[in-house]
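Enquirer: Listed below, chain by chain, are the residues.
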Amino acid sequence: MSRISKEELAQVIYLAHIHVAEEEQEQLHRDLERLLDSASKVQEVDTTGVEPMYRPIPLHNVMRPDENRPSLAQEKVLQNAPEVQDGFFRVPRILD
Amino acid sequence: MTKTATAWETVIGLEIHAELLTDAKIWCGCSTQFGNEQNTNVCPICLGLPGTLPVLNQKAVEYTIRAGLALGCEIAAFSKFDRKNYFYPDLPKAHQVSQDDQPFCVNGQVEFEIDGKTYRVGINRVHLEEEAGKSVHSGDNILGSEFTLIDYNRAGVPLIEIVTEPDIRSPEEARVFLENLRTILRYAGVSDCKMEEGSLRCDANISLRPRGSTEFGAKVEIKNMNSFRSVQRALEYEMLRQQEVLESGGVVQRETRHWDDAKGRTVAMRTKEEADDYRYFPDPDLPPVIVEREWVEAIRAELPELPQARRRRFVEEYGLPAYDASILTTEKSLADFYEATVAEFAEPKTVSNWIMGEVLRLLNETGRTPDDIPIEPNALAELLTLVKKGTIGANVGKEVLEEMFKSGKRAADIVKERGLEQISDTEQLKEIVAEVIAENPGPVQQYLGGKETVIKFLVGQVMKKTRGQANPTLANELLEAALKELS
Numbered sequence: 002m003s004r005i006s007k008e009e010l011a012q013v014i015y016l017a018h019i020h021v022a023e024e025e026q027e028q029l030h031r032d033l034e035r036l037l038d039s040a041s042k043v044q045e046v047d048t049t050g051v052e053p054m055y056r057p058i059p060l061h062n063v064m065r066p067d068e069n070r071p072s073l074a075q076e077k078v079l080q081n082a083p084e085v086q087d088g089f090f091r092v093p094r095i096l097d
Numbered sequence: 081m082t083k084t085a086t087a088w089e090t091v092i093g094l095e096i097h098a099e100l101l102t103d104a105k106i107w108c109g110c111s112t113q114f115g116n117e118q119n120t121n122v123c124p125i126c127l128g129l130p131g132t133l134p135v136l137n138q139k140a141v142e143y144t145i146r147a148g149l150a151l152g153c154e155i156a157a158f159s160k161f162d163r164k165n166y167f168y169p170d171l172p173k174a175h176q177v178s179q180d181d182q183p184f185c186v187n188g189q190v191e192f193e194i195d196g197k198t199y200r201v202g203i204n205r206v207h208l209e210e211e212a213g214k215s216v217h218s219g220d221n222i223l224g225s226e227f228t229l230i231d232y233n234r235a236g237v238p239l240i241e242i243v244t245e246p247d248i249r250s251p252e253e254a255r256v257f258l259e260n261l262r263t264i265l266r267y268a269g270v271s272d273c274k275m276e277e278g279s280l281r282c283d284a285n286i287s288l289r290p291r292g293s294t295e296f297g298a299k300v301e302i303k304n305m306n307s308f309r310s311v312q313r314a315l316e317y318e319m320l321r322q323q324e325v326l327e328s329g330g331v332v333q334r335e336t337r338h339w340d341d342a343k344g345r346t347v348a349m350r351t352k353e354e355a356d357d358y359r360y361f362p363d364p365d366l367p368p369v370i371v372e373r374e375w376v377e378a379i380r381a382e383l384p385e386l387p388q389a390r391r392r393r394f395v396e397e398y399g400l401p402a403y404d405a406s407i408l409t410t411e412k413s414l415a416d417f418y419e420a421t422v423a424e425f426a427e428p429k430t431v432s433n434w435i436m437g438e439v440l441r442l443l444n445e446t447g448r449t450p451d452d453i454p455i456e457p458n459a460l461a462e463l464l465t466l467v468k469k470g471t472i473g474a475n476v477g478k479e480v481l482e483e484m485f486k487s488g489k490r491a492a493d494i495v496k497e498r499g500l501e502q503i504s505d506t507e508q509l510k511e512i513v514a515e516v517i518a519e520n521p522g523p524v525q526q527y528l529g530g531k532e533t534v535i536k537f538l539v540g541q542v543m544k545k546t547r548g549q550a551n552p553t554l555a556n557e558l559l560e561a562a563l564k565e566l567s
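In order, the protein sequences belong to chains Y and C. The number in the numbering used here is simply the position in the first sequence, starting from 1, with 1 added. The number in the numbering used here is simply the position in the second sequence, starting from 1, with 80 added.
Calculated from the structure, these hints are not laboratory results. Note that CB positions come from ideal geometry on N, CA and C, so glycine has one too. Honestly, I wouldn't trust all of these hints.
Quick partial rundown of chain Y residues pointing at chain C, CB under 10 Å, derived from the structure [stated by the list, open to error]:
no., residue
1, Ser3
2, Ile5
3, Lys7
4, Ala11
5, Ala17
6, Val21
7, Ala22
8, Gly50
9, Pro53
10, Arg65
11, Glu68
12, Ser72
13, Val78
14, Phe89
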């Protein structure tokens, strides 16, 4: 039984903003099917009435006071940027 | 058959984003200050660099809850943060930390009036999230630009998103709701709500449906409205556009449209063929927040009297007209100034007239806001006392107030320095009255011939001769007496 369609795979690739060559997609599809197969075991458990657990560590209300701390120098902020202009990160133009 | 304008009901819902007035960002200690040099309020946490761990700013949570309480919301006992995943260069982590299914506040409402009629708009939710950075496009517009420049100073500033129910039925209602919402948030002290600096932003959803229908039509989302006025204009434009589409037998596309303020129209941005797929999931770096009731009550105790309650109290306690009360309470600082002045000069309506007339005019002329009125309430009270005692006339009082705004001097000192005391000396005024009568034989004859309104002209001449310092009531009396003797 197919768990993921070609279209769904294309959507996942699109959302991840990655390029996957046509011939690689076959393999990727098979791998994803196998992963979903394994994961589907978990889905068999009846979770009716079970409160979702958001994180494995029982922590809550970890907060800090509203106090300023030094920021980085501008050149440090920009040091890993592929392109810089006038103190800005420069990226290819954005189109929706 | 063509349907008339009233055949359609307009349904509007708003999404408002307001930046919170914390000193530090939501996850780190970087400054939230507006207008600093680009990329100088930035640290590894803002950039989402590997190995960094965000820690929640407690004040951001308190301000969110405070906003929720001010908007009549229920405050959740348990709340958590979720990642909203999408790629955009102003989002360095490729996700925005927001709240999906467990926001801090739900089910509120805002009540307001237009021309004496009360409206209610439900608040679906208020949640806390992080701001994105700011994109600067080269070239004239987004389409013509070759590249985009990014400033991450704003990334991580705490932001609340307020979502209304689709309860709004007209563009005007939308604008008045927003004005009221802004006033409430400013009273609560959680946001400065400056649309021009982007600390308050509003997107709108609008659809039309045949009147009487309970189903919603296809909705259009409008973005890029930069003032309350443009929200109303954009919605008016869009309402008519959709009406035309529907009446010509067409179908309204579900889409996002961009408001072009200069051209006064909306332009399609993209068609929403499918729902956005943000793949929300709980943020593994941020433990949830349990909101104890004592905490909520402590925050509630910090809330000041809210605008609507204050408006009502101004009418009841000071006997002000509803109009005065609504103007005086639009800004907390103005209402505070009013009450402090009335405490020193117990004529509520007189104080209201002076504040609504002169103080607001002078603020406007000097480009100030009610937050920085350059005089103290007791200084205004002193001035009003001088006017009341007749030391100076009302018109001279206005000049004195202007001087007080400029120099910060006390009213009594200005009056003394400039010799502005009103002439209430009967003997002195009698001489001037006699001069005026002698110099204006024509009008005097008219008066004696029965045209009694001419007295106003003669009083004006007395005022002119005394450079406005004559007590007008006294001048009037003396003129009448002198003219009587002539008849």
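Enquirer: Can alanine 17/Y be said to touch chain C, with a Cβ gap under 10 Å?
Expert: With Cβ-Cβ at 9 Å, under 10 Å, it holds.
Enquirer: Could you check if glutamate 68/Y really has its C-beta closer than 10 Å to a C-beta on chain C?
Expert: With a minimum Cβ separation of about 6 Å from chain C (threshold 10 Å), the hint on glutamate 68/Y holds.
Enquirer: Tell me if the interface restraint on proline 53/Y is satisfied: Cβ within less than 10 Å of some Cβ in chain C.
Expert: Where the cut-off is 10 Å and the nearest Cβ of chain C is about 8 Å from proline 53/Y, the hint holds.
Enquirer: Report holds or violated for the interface hint on alanine 11/Y, using the least CB-CB distance to chain C and a cut-off of 10 Å.
Expert: Hint on alanine 11/Y: violated, closest Cβ of chain C at ~13 Å, above 10 Å.
Enquirer: Against chain C, is valine 78/Y within 10 Å by beta-carbon distance?
Expert: Where the cut-off is 10 Å and the nearest Cβ of chain C is about 5 Å from valine 78/Y, the hint holds.
Enquirer: Given serine 3/Y as an interface hint, is the shortest Cβ-Cβ distance to chain C below 10 Å?
Expert: 20 Å, violated
Enquirer: Answer holds if the nearest beta-carbon of chain C is closer than 10 Å to that of glycine 50/Y; otherwise answer violated.
Expert: This interface hint is violated because 17 Å lies over the 10 Å limit.
Enquirer: Against chain C, run the beta carbon of alanine 22/Y and see if the smallest gap drops under 10 Å.
Expert: Result: violated, 21 Å to nearest chain C Cβ.
Enquirer: With chain C as the partner, please determine if lysine 7/Y meets the hint condition of a C-beta pair closer than 10 Å.
Expert: 16 Å, violated
Enquirer: Can we keep the phenylalanine 89/Y interface hint, with Cβ of chain C closer than 10 Å?
Expert: At about 4 Å, which falls below the 10 Å cut-off, the nearest Cβ of chain C leaves the hint on phenylalanine 89/Y intact, so it holds.
Enquirer: Taking the closest Cβ pair, is serine 72/Y under 10 Å from chain C?
Expert: 5 Å, holds
Enquirer: Given a cut of 10 Å on the nearest C-beta pair, is the interface hint for arginine 65/Y held or broken against chain C?
Expert: Hint holds; arginine 65/Y Cβ to chain C Cβ min 5 Å, cut 10 Å.
Checked against the numbered hints above, the structure violates hints 1, 2, 3, 4, 6, 7, 8; every other hint is satisfied.
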